[in-house]
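One-letter residues, chain by chain:
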Amino acid sequence: MYLEVKDVKKSYGSDTSYIQVLKGISTGLERGKMCVIQGTSGSGKSTLLNCIGGLDTMDSGSITVDGTEIFGMKPAQLSDYRRDNLGFIFQFYNLVPNLTVRENIQICQYIAEKPLDIDELLEVLGLTEHQNKFPAQLSGGQQQRCAIARALVKNPKLLLCDEPTGALDSKTSRDILVLLEQINEKYGTTMLIVTHNNYIKNMVHKVIIIKDGLVKKEYENEKRVPAAELEDL
Amino acid sequence: MNRVLSKRLLRDLRSNFGRYLALLLLIVMGIYLVVSIVGSAEVVIQGTENKKSVNKVEDGQFAVFLPLTDEDMSLLTEDGTQIEPMFSLDLKTGDDATLRLFKNRENIDLIQLDEGELASQMGEAVLEKGYASAHDIRVGDTVTAGGVTFTVTGIGSVPDYDMCIAHFSDSAVERSAFGLIFTTAEQYDEVKSGGGVNAEECTYAYRLGSCTNDEFKEKIRDIKITPEQVEDKYFRETVDEMLEDRNKLEDGINELNDGSAELSDGLAELSGYSSDMRDAADKLFEGYLEQAGSSLAAMGQNITLTKENYHDTLESLVSATHSEQLSALLKSIDEISEFRNGIYDYTEGTDSAAEGSAELADGVKELKEKTDELLDDVFSVDIENLTSFVTAEDNIRVGGAAGDMVMDKNAGLIAGVIVLILFAYVISVFVVHQIEREQSVIGALYALGVKKKDLMLHYITMPTIIALIAAVIGAVLGFSPIGIGTQVKDTYSYFSVPFFDMVYPPYLIAYGVVLPPVICALVNAFVINKKLSKTALSLMKNEQSAGSYKQFTLKTKSFPKVFAIRQLVRESRSAVTMVIGMLVSIIVIMLGLDCYVMCCGVRDYTALDTKYEYQYLYKYPEKTAPDEGEPAYIETLTIDCMGYTLDVSVIGIDGESRFFDAKPEKGKTKAVINSSLVERYGYKVGDRVIFSDPAADADYSFTVTGISEYSVGFTVFMDIGSMRELFGRDEDYFNTVYSDKELDIDEGRLYSVNTKEDVERSASVYVKLMLSLVRTLIIAGTIIFCVVMYLMMGVMIDRSAMGISLIKIFGYRPKEIRALYLNGNLFVVAVGALIAVPIAKKIVDMIFPMFIPNVACSMKLAFPWYLYLIIYAAVIVIYTIINRLLIGKIKKISPAEVLKNRE
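So the sequences go chain by chain: A and B.
Going by the numbering used here, 76 is the number at position 76 of the first sequence; the sequence numbering is gapless.
Going by the numbering used here, 834 is the number at position 834 of the second sequence; the sequence numbering is gapless.
Derived from the structure by calculation, the hints contain no laboratory data.
DMTMM-like cross-link-like pairs, simulated, lysine to aspartate or glutamate; straight-line CA separation at most 25 Å: (1) B/Lys-555 / A/Glu-113; (2) B/Lys-557 / A/Glu-120; (3) B/Lys-891 / A/Asp-80; (4) B/Lys-7 / B/Glu-438; (5) B/Lys-557 / A/Glu-123; (6) B/Lys-561 / A/Asp-117; (7) B/Lys-561 / A/Glu-120; (8) B/Lys-283 / B/Glu-338; (9) B/Lys-561 / A/Asp-84; (10) B/Lys-891 / A/Asp-59; (11) B/Lys-555 / A/Asp-119; (12) A/Lys-114 / B/Glu-816; (13) B/Lys-555 / A/Asp-117; (14) B/Lys-892 / A/Asp-59; (15) B/Lys-561 / A/Asp-119; (16) B/Lys-557 / A/Glu-129; (17) B/Lys-557 / A/Asp-119.
Per label pair, the in silico range of CB-to-CB distance: (18) B/Lys-557 / A/Asp-169: 34 to 42 Å; (19) B/Lys-561 / A/Met-73: 30 to 38 Å; (20) B/Ala-510 / A/Met-73: 53 to 61 Å; (21) A/Met-73 / B/Ser-772: 55 to 63 Å.
Even for Gly, the Cβ is constructed at its ideal location relative to N, Cα and C.
Just chain B, with the same shape it has in the complex (with noise of 0.2 Å):
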């Protein structure tokens, strides 16, 4: 029996195959656009992990203000950790493009060529792929940077910059405006040598030996430096400005303490000279009071005069005698005790006042002491030498390609989850209608003795094929040139990375090839199963339960609409499975959309939002800003996005910048937050939000005061004051300048300068970078729209070709036909997109974070409403197309047909 059934399998193939066809095609490009997105993500993400031993990639990065020394090299190596120096110089070249230089690496991120040979000679140079694509540059060119001409003897990339931007805070690659530039040591010093370029970055690259990434950076932040090392003329004047308010501050103390000593001595000194003092006006009172004994003896008064009788024995004798001359003794040698007293008093000043400076003495000595411990705490002539540290793991530019496929393979496969969903509903559509068309058949078999497990598998096995045919299809397709080979290209058009070897990864081989006849087989199994359940009397009658057609009472009285209404919740199974396939292919288009309108978005709000022409980024800043510049302080802290780590600018600003909409309160936990943190992490004022410094180890928590409609990165205002005051730095500090005009800066002094027009070009990379995946996305979304329409529709036309014929019979005209068969379906399209399209908008708008953790951009995906109507019209467009060629298939259908077949 099984033979004899099978023979029907090709006619059944020939008589449905324009449906079959469908069907394969929606399976195949299903099929293939997974097995393409997630091979390509799995080509990237296996290709990153095999080459980071072959080139070595590093565990982190960190720059220092000065070179390590060989001391310390020897210090944090000396566990086995390897570290090389990866000191680059920004050259500009002719076309204002930058291109990063670096010496030939040795250990650490060597460099992957494509073609060619590293420099070995003086004006050699390897040049970045990017930037060489970019600017369609080959082996054996020349290129001209920092007013050297370089030859290119190779291209290639490093694993530290595969995603190749200039600064971490940069969201997007700009090929043809930064690139890297791998020369000869020699090379590298004599253009360092040149001057004329930016300040140097000490960055070095490290593998790490027993250590943990946590325990190096403590060796690191472990190292100071002295001023005494710095050789850079800027960083000089900085240290020195620091060091003349401490030498000002120290010569005072100084002074001080000279002082007070020297008043010590001299009071001690003439502490000295107390005893004697004391002594001769002791003998001076006593030769006295001798002589005027001598006196009275003269006068017949033997009496011994002591200082403790004197005053009152002279008193009664004048008091006796009335005599003038011993009253003028009396007062004389009182006069003489008086300046006795009056040494004695001096003298003991003296000597306390000696006691009391030696203690200032002491006193100052300490304060001193104190003092420079002060100084050096407050002028940090010590400088922690470290200036950021990351690891690999933190670095967008390592890794960045394969952290960016991690996000298509899981979107790829969730998609495949979607549409095998879909697929699966729609076969399930067509078996229940094939079931239904041939009960009476099915019914006369089982009559016969054929088993269910035998019809089972004989309308299991045509989808199944198909199902399966599709899957090899879409597979091969996927992996082919065509599939992942495509969507390579822009991961390779991207990102700085070496040509990968392709993978077939056995996961995806299961899921392309074998998941698709798997669940078609199942789909059929439980539906079929279900429908053979019937006697074989009930299948050959062909009956309908009474319960087959909702019963309900319809109010209308126009009979078009009646039957328009019956039918709908007669093919209410088709219906719903072309609304779902409405909304899966909608939910396609809506993401290639919302990705559109992202971008554009970045881009027009970015250069909306860049009121300034000029920033200047201060590596070593001036005392005073510029006086058409408005200083303002800049610190970059992270944030976490779904495991990848993000940069937030904060921005210290006056309270009334010119170039930012944002008024900052004062106080070192408030803050304003910009419109991208609002759009990706939905923070409201009031909420607190915090911001890491992983160099720092240390977390900042703000308060939202306010929502600043800035569209530029993640970004955070502050109050400078506040900032500065929280980040340690002195009250006129600033290290970033916004003009409207180019200012005189030395560029010794400065990181880098960014103009309004780097900014907007930047942005605008997205819209440029994008553009295949939305057109990919919108091409698909439409066809899956298309094929699932075509197919549901056609599927109610052929369940309804019995009823179609009848009226055929009764003499309906073609257009009258369409009322009551393909007018309905106009109602399930128009209110099925109504309802679909902003559902599908919701759901995107939901996962779409999910697309671009790794990206620190707005994300404003409001959509103009015109779009709305567009998406709509577009729908109501292609329906009405789809319609069209369905009339083709109701004309086809014979008025004879009613009188073969028996519904």
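Isolated chain A (complex conformation) (with noise of 0.2 Å):
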């Protein structure tokens, strides 16, 4: 198992303000596939994201990343952890205004070992033309497939994406999909993506559903539907 999450428990505040969000979750994802996790909002999968990228740290439990146990680890670990083995892709795209669209995909490949080529990424991503822009001067599609080609860069094991879509009309949304199932086909990315769409998970490989903290139900998705032909986004 390339991702291995065993009875992760976390909790804010304490007294009256307590709150646990991860009740004790379980899970776990193959490399190179794609999984989705779904659940109504304050279910918790955001902060699942945010313990599996080591964002947030765990109250018990653990969470392996091929096989590197995250629990545990002091600050500059887990930055070492991110920059080794994760990409992000976030809902509002957050990239940095000041930089044009080469210059912030190049922020991740300043730090990366072995980066991929910028001018494949942006052709594959459509960019080229825009590569001298900056995030002001591009529409929301745009903005994501920069951000995209930012967290693609340093070439992730793990790729997290939290409401990639979530800020995106429906075709847009299509498209940025399409380029994250081709980006899984030819790189062998393993992808985890927090969503409230209801039908991304058509196209996944796995599909988890959280609810309360806990894992409700997760299953293998066997009717793989290409994100190009999904029904309605």
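Since each chain sits alone in its own frame, please combine them into the complex, following the hints.
Right, dumping it as structure tokens:
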């Protein structure tokens, strides 16, 4: 198992404001697979993603990525873990506004040991002609593609996507999902996608449904539908 | 809605506590400095003004050769003018200090006692407070001066010596070396009669009646003195020397007059006998003719001989008769005739001589009369009594403290404006940052119907309250004992002034308390109004216009460089503020350093340029200078400096002076000026410079023929011969002798003796005096620098929190984050300092003369190269420390930040 999550618990606050968000989640994902985590607002899906991404600490449990245990890591170790293994895609892109498309991608290229070729990536993502533009000059879809390029340039083993289409219209969302699918196929990148969208689960290999901090249901998707053929987004 | 928004204020204060605290500190310090500097100036200025009537401050003072007579006094006071003698004797103390002895004052420049009472008996004295403080002398202690021991009954000050210097030409107060002592008239007279003291200074103070200063001066100038009135033996000697020459000339003329009169009389007498002599000669001749006629009659020739026909008649008879007797007769009559003619010629000559001698006698008499007038002119026995005349306005000793404070006040107000502008700019950066950070919230509030003015009020409130609180704290501290109380101590420790009452000028309260919040509110209103002009939707979407970021292509392939440049451009406003803050703080620091460098320069160069060991200033010069001394002629003229009258010493020297590195050319309008004048006025060779002699109401114009590297005061060198000619002195006149060893000169002849040690000690006073101000300026400048840099770099990091959080998610290490977000600042600081340091130096050098317009001293402001290096290194070191402090701030930024906020 490339990603293995065992009995992860996470809580916030104390006394009257105490809330346990993750109540002992256990799950896993094979290398090179795409997985969707679904759940209602407040179910704990984003918290789980943050814990896997080393952005948040868990109270107990275990998360191993490619055999490496995250629990108990110090901030500097977590930083190296993210640097060496992960790529992130956010709902609101989080591009650096004063850098051009190319320069935004260079942020991650700079710290990668074996980065992908930026020009090739720009070509694949259809950004070649926009590479010298600033984020404010791009559409939402173009910005998200730039964010994807930035996440991919260091060729991460695990790509964490937090509502990657949440801020996009239907057509653009499909384009982005097609792109993620192509990347998964081309680079064999393992992907964990947190989404509200009920249709995206149809294109991935595994679906995990969380409710009230627990895995309510998880299953392998035997009948995958290519992203381009998803019915409604 | 306002109530809801106001709840955010405290939360905003809590979340930005460090920043508001730093801002508060900046304003508090700025206002504290302004209020304390300007307030202390007001305390002294208003205090001095208030004390004028209490202490009956003089309108001016004048010095005379001889004390005024009762008649003179009546003449000068007839219009209601008050005059009081301020005669003084300089007494030496055991530690080689000088105490100037005065009688108690009665009507003018009254003694203001800090403690004790006036001297009322023999052996009692009031001591000037500066000297007393420097020597730790209290009431009841004794002090010995001029061989006399006085019991100190009081300690105080007088308004005509609030800058307590011995001579007008002294540039700095030396409390330990010079002071004043006041005693009873009887005690004063006893000290004076005891001898062994320098010549008495006959100075009078006056308070004008209905006339003006100029009119009063003219009245004094009309008062002449005669040599007979002079008692001082050295003065008598000098006058006698002058009279000896006059008497010789007068005797010669008198002798000539007497001789010519005698001659005239003798010749007149002689001429009186001419007629008799002529009559006798005529009679003799006629008798001879008669006798010859008788002889001819005896010979049968009955001929009447006359003086007209005798020669022809006898000659014709001789040729007819060939008579030898007749021939002999003719010859003898011819001889008698010649004799008679001779008598006539002689008597006519005598008459002419008598007439001539009478004319000569008249001429000589006229010559004598004219010569007497000439001698009166040349030998000025009717000496003008006035030797100096100084109005209170031109007297640096009177109101010196207040004059000094005027500059402090102006400098403080200007510095305050600079600090206010700086903090207004700093606040604007904060506000812009806050609004940009919250613009989606603002947009939402807009959309919900909140009005722009409500939002403006909300965003203006906190910084304005902070500014108001800071201003109040700053003003309270400024007006407190640690503000004005501390600042005014410098005045009390330098000037000899009474303790002034505290004042609270309304304009300063307004300046200190009202201006900061008003400026803050205005700047915020301007900036916020601009920022809130966007539509609600635009704000909610957090839209960045395409033009928000400078669109330019970067050639470099190095990503960190590209990033740092982009970051720098993005944060250019903060960077500019940081550089402006750096410039302002370096200006403040540079002011302190310039002050220190100048004071050290005065001390060091004075020591270096003073090549003599002794300077003897004569009141009654001798005929010839002592063999081992170098005679010189000194006159004191004045020059205006920003409304202040400063003394210029004109020194007449020989071409090859042992003690001055100046070779003045011959000529009454040619002069070599010293480097201090060049530094202050920018004169150069070929310029025409004008100095004044207020006592004589005369201006002197010189062409600068050279510049001498001589740093002592303002000095002009002239060829001594030309100078004597210019000022109407004898060709061997001198009034100063320089020497490299002590000379044996009667003390009574001298005004004063200055040693090299005195000059050096006087010059080194500046360093001690200015050290606290230098320290304050450097500390204040450094604090401003640190606060501004910390605030601005903090703002830059805050503004970049999202980006930092983002790259933390990507796995950037702290070192790499620093490289991307903070190292660009190093570039700003490094380049900024490289520009700011020389600019600040240039600015301070330009404005520096404004701070010392009342001091005639050299102004060498050039820094050694290593001082620039130290300043630059200090800037980088401070930056590095602040950078290190801010790393903690970067560490605190959570990677999850980016997940919470949406840029």
